[in-house]
Amino acid sequence: MSAPHTDYYAQPGEEAVGTVYTSMGGDWDSIAKEQAERGDELLVINMGPQHPSTHGVLRLIVEADGETVTSIRPGIGFLHTGIEKNMEYRTYTQGVAFVTRMDYCAPLFNEVAYCLAVERLLGIEDKIPQRANDIRVLMMELNRISSHLVAVGTGGMEIGALTMMTIGFREREMILDFLEAVTGLRMNHAYIRPGGVSTDLPEGGIDHLRDVIAWLHKHLPEYAQFCNENPIFKLRMCDIAYQDLTACMAMGVTGPMLRATGYGWDLRKKQPYCGYETYEFDVCTWDTSDAYGRFRVRLDEMWQSLRIVEQCAERLEASIGQPVMVEDAHLGWPGDLAVGPDGQGNSNEHVKHIMGQSMEGLIHHFKIVTEGFKVPTGQAYVPIESPKGELAAHVVSDGGTRPFRCHVRDPGFNHLQSVPLQCEGGMLSDVVVAVGSIDPVMGGVDR
Amino acid sequence: MTVENTPAVPETPVAPTPAPVSVEGGMWSDGSPDVSGFGGLARFTHVIPTAQRPYGGWYDAASDRIASLVSDPIVRVVIDRGEMTWYVAREKLTEVLKSLRDDAQLRFEMCASVSGVHYPDDAGAELHVVLHLQSMTHNRRLRVETTCPDTDPHVPSAVPTYPAADWHERETWDMFGIVFDGHPHLTRILMPDDWAGHPQRKDYPLGGIPVEFKGAVVPPPDQRRVYR
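For the protein sequence lines, the chains are A and B, in the order given. For the first sequence, this note's numbering gives the first residue as 1, with consecutive numbering after it. For the second sequence, this note's numbering gives the first residue as 1, with consecutive numbering after it.
Simulated from the structure, these hints should not be mistaken for laboratory data. The reader is advised that the hints may include incorrect statements.
Partial list, computed: chain A residues near chain B (C-beta under 8 Å) [stated by the list, open to error]: (1) R170; (2) R172; (3) E173; (4) P272; (5) T377; (6) A392; (7) R405; (8) R409; (9) N414.
Below, simulated DSS-like cross-link-like pairs (lysine-lysine); rule was C-alpha separation at most 27 Å, straight line [what the hints assert, rightly or not]: (10) K85(A) - K367(A); (11) K127(A) - K367(A); (12) K202(B) - K85(A); (13) K270(A) - K127(A); (14) K98(B) - K270(A); (15) K367(A) - K352(A).
In this text, a Cβ means the ideal position worked out from N, Cα and C, and glycines have one as well.
Here chain B stands alone, though its shape is the one from the complex (with noise of 0.2 Å):
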């Protein structure tokens, strides 16, 4: 198969959509898409459009509520799903992680989960710090993800506002190596002291398990056959 028979790459399907993150063809040829595919020739991931006014139940009032607060505090909001999600740019995460849980009328007073996730593609932004909130006073929940690059893995701690972020953050940091700055007591949680390299990243080297046959190894899940 080569490129000039395949079919022309499909266009965005949505108007606003920006252009796609990164466009993953198949395995079997090089690089053009694949036709062995049961979903489609080639994988478009796109970012999910910013929403636009008026969102919905409860979610303007809370975003013009924190706008009040806290100047300038979303970079954007994404509606997705039924979920909510506030893009925060993290010189700003501190201040509306704190009023956010004490605002009576936002009042997120506990924090279910801080997790990462590893975007290589994302330029300048490559490392998401996603934290989980619940509002049991209005039964609400909300997503609030703040990005650091690459090369300064920095993020504001929350656990000055939410103890219970403490484990989270250091298994965030173990996984990704995300540097929590004002974290009481920043350690690996999960792997060994004395580990090297952040797992759950998507550059860290997976091993390959050699077998005794010939000489052959079996290469790492990311470099075997697969569909994509």
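Isolated chain A, as found in the complex (with noise of 0.2 Å):
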């Protein structure tokens, strides 16, 4: 008979074999006298969910040999909010504020990947304005510096190079305010729309577009040279979290984690999309496989946004006044939305439009919102490499006007399972920084 023991997950009537650990915290005290009594050296360590170094509500139950981590394994689903499941009683329209508020540091990958899908099962996929796709480019990839800014902000922060991550946020915060200016808010856009996106930029916009790029130029190399050659950040990093491409392949690891072995896959130059193998950018690779080289080849992947963000600002020069959502209106949004000063989107033209001068339009109006339009059966898996690796939106339709099930593959879910491959055999503090390096933003991973 073993002694009586505590395992709130154990069957009634289940014994214990051995000696029961648990992470369920309590009294300090009464656990230290415990652990005396038991005159092991193991010890088991609940880190998380709240934790200011777990990189969101991110549970890691971790063994510890002293220093050493013998064992660790990720809890997840704190910040589950069953949003596949609410977007089964929306229209696919709706969908949109759904999925963007999964990886909340990267929503407009979100976006585009769930509409990319949607686009494919009602087979308008070469019908996007070109306009449309480049303005969907240029967010994507001032969204990708910024959600890089945030994976080295606070990964620097969480070791205790603070100043990244008050530089971070502070580009970061640039970069929101261009967003916020385009579609009204800073996070949680619900802008990219199936057909193309919901509303073009607003009138000067391309010259504040140049104000952050100005301002990127001037910033982003601060970045380097606090890091690259600092002893103190190489010392915390190099040979850290180490995974090889063979491990990689083995756990499904894409992104800046798999470029960082050396092998140059994006799915921007494989697997094309948006009009990307129109765009003049490099693969970054590094070649440590260590949480240093994913660091810098997101560094290296900033400049690389900005390059396209540049060539996106002189199209978009080019195209101004070209539609920016598909031409079909049974599809198509109506009305084009501005951004107020308030942030608030209207149309005054649409509303006079469908107000006072045509029953049919009001009437096409209300059926396109309330009712929304329907998709062939059908599925598709579309796959983008959003700054974390293969984000992608797997959308069944059974022809009706909502998704029959929408499934996102998002690569921190998948990234999180090589935690354990990454930190057993390492020091507890080296969990921090590998957790940090592969940037799980947890609201994408638990959804």
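Reconstruct the complex from the two isolated chains, following the hints.
Here it is, written out as structure tokens:
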């Protein structure tokens, strides 16, 4: 008979075999006393879910022998909000407002992946206006920079490089200001819609964009100056959280983690979407397979994204006035919304038209907004290169106005599986470095 | 509106298409088709027809190759919107996946995603498991789909072949109640450990929110008045 145990997950009548270690927390004195009675050196540590260094509401259950991690298991689900289930009871257009809340550091990528899947189901992939595609690329690449800034900023903060966080959020705010000017919101934009984007760039949008580009050109070099050759930074990052190409393949790892092993896999080049094949940019790799390599890949990618943004600015300047929504009135959202100075979207011309001039216009508006459009039966899986890796939407339609099933393959969900691979056998303090270099966003992981 | 004065149900458009899996009428009448529908009177859910040879591109070669490695591997092939789906019997799944990963001509080295879909109307195959494979060597994608009946929700696990499927299968178990035989640690991952039921199933009861207004209750989302 084993000692009476407090295994909260044991079935009634189950007996413990050996010592039961729990990570349930509790009074420190009693934990220390229990540990002294057991007399072994094994320590089970519950790290998170509310811990400033776990990159969100991530729970890490660590077994440590002294300071060495012998076993680590991530526990997720604390931010599960049932987004996928909710979407089954909303129209396809409303679905955008849900997916954008998944990976909240890269909301525009969620929207693009979902919209591309819906567009493939509708068969209108070729009919998206050029300007809409250019705006999508512009928004995605700006969002990639801001997401990488959060990754290197919070990752730096977690190992004590606080300046990385303060300057990272400073630059990110400049980008978010632009995104707010275009979409009306800093995050959770619901801007990309099936068929195009919800509104064109605002008046003076290109000038604003030029300011952002100039700002980034001025300030992006600071990150490299602070960190690249910083001996403390390198001591914390080099050879930590090592994961080579074989392990990445087995664990389905993509994005900067894969490219840090030296393999230049980037879906923007390999399976282009939104016209990425027409942009000039390089795929950034590093060859150390460690946390430092991932950091360098992210730094380099920001510069490449900036290159793409500059190309977008030129194209958008040349295509002012062209449509940003698919022509088919059965699919496109009626009326071009304009974001007012208060951040609210409306279109006075459109309201005047449907309220004062055209009964059919009013009916059409009412039907497409309340009922939505029907999507032919079938399923589509569209992967895109998000800042974290392969982000994909698997959308199944049964022919109705709402998704039958929508599953989002979030890279963070997949990548967190490799935490044990990267951390076991290492030091406890390096767990923080490893998780930071994976850059999971729990909103996307848990959905 | 009565059944008599509604238009006849149109014939199915494609000849080889089997009968609709389900026909759903509108919600404003008693089961008869709805004239308020923007996109038509009634909604027919069809099965996407099986693809006919030649499939085109690399699809033929890959299908032939798997047939030479595994006996009778594919139940049916669907090619729709540029994506190929192999429907594989669950008994064959382990063998097919292993060949897909290991054979040099196929070489799908990465399993990107595993998820489930619940089709309550698909009698005998209510639960579908959908695997999305990625070949980086050949730059190809493939969807492998397998089914199991609601009464026997067992599918072999892909984890021995693709370790990346671990959490994805746990999520599919959590959300659909599909048991992946051979999975090393099939526990709930997103829902709390003591949760009852599998929320992504279509028959999972949805809660209504009681509001304090003369005993009124907001019905669950699937019972509200909505366009279908």
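Hint check:
{"no.": "1", "hint": "R170", "result": "violated (35 Å)"}
{"no.": "2", "hint": "R172", "result": "violated (29 Å)"}
{"no.": "3", "hint": "E173", "result": "violated (32 Å)"}
{"no.": "4", "hint": "P272", "result": "violated (11 Å)"}
{"no.": "5", "hint": "T377", "result": "holds (5 Å)"}
{"no.": "6", "hint": "A392", "result": "holds (6 Å)"}
{"no.": "7", "hint": "R405", "result": "holds (5 Å)"}
{"no.": "8", "hint": "R409", "result": "holds (4 Å)"}
{"no.": "9", "hint": "N414", "result": "holds (6 Å)"}
{"no.": "10", "hint": "K85(A) - K367(A)", "result": "holds (24 Å)"}
{"no.": "11", "hint": "K127(A) - K367(A)", "result": "holds (23 Å)"}
{"no.": "12", "hint": "K202(B) - K85(A)", "result": "holds (9 Å)"}
{"no.": "13", "hint": "K270(A) - K127(A)", "result": "holds (22 Å)"}
{"no.": "14", "hint": "K98(B) - K270(A)", "result": "holds (25 Å)"}
{"no.": "15", "hint": "K367(A) - K352(A)", "result": "holds (18 Å)"}
Going through the hint list in order, the structure does not satisfy hints 1, 2, 3, 4.
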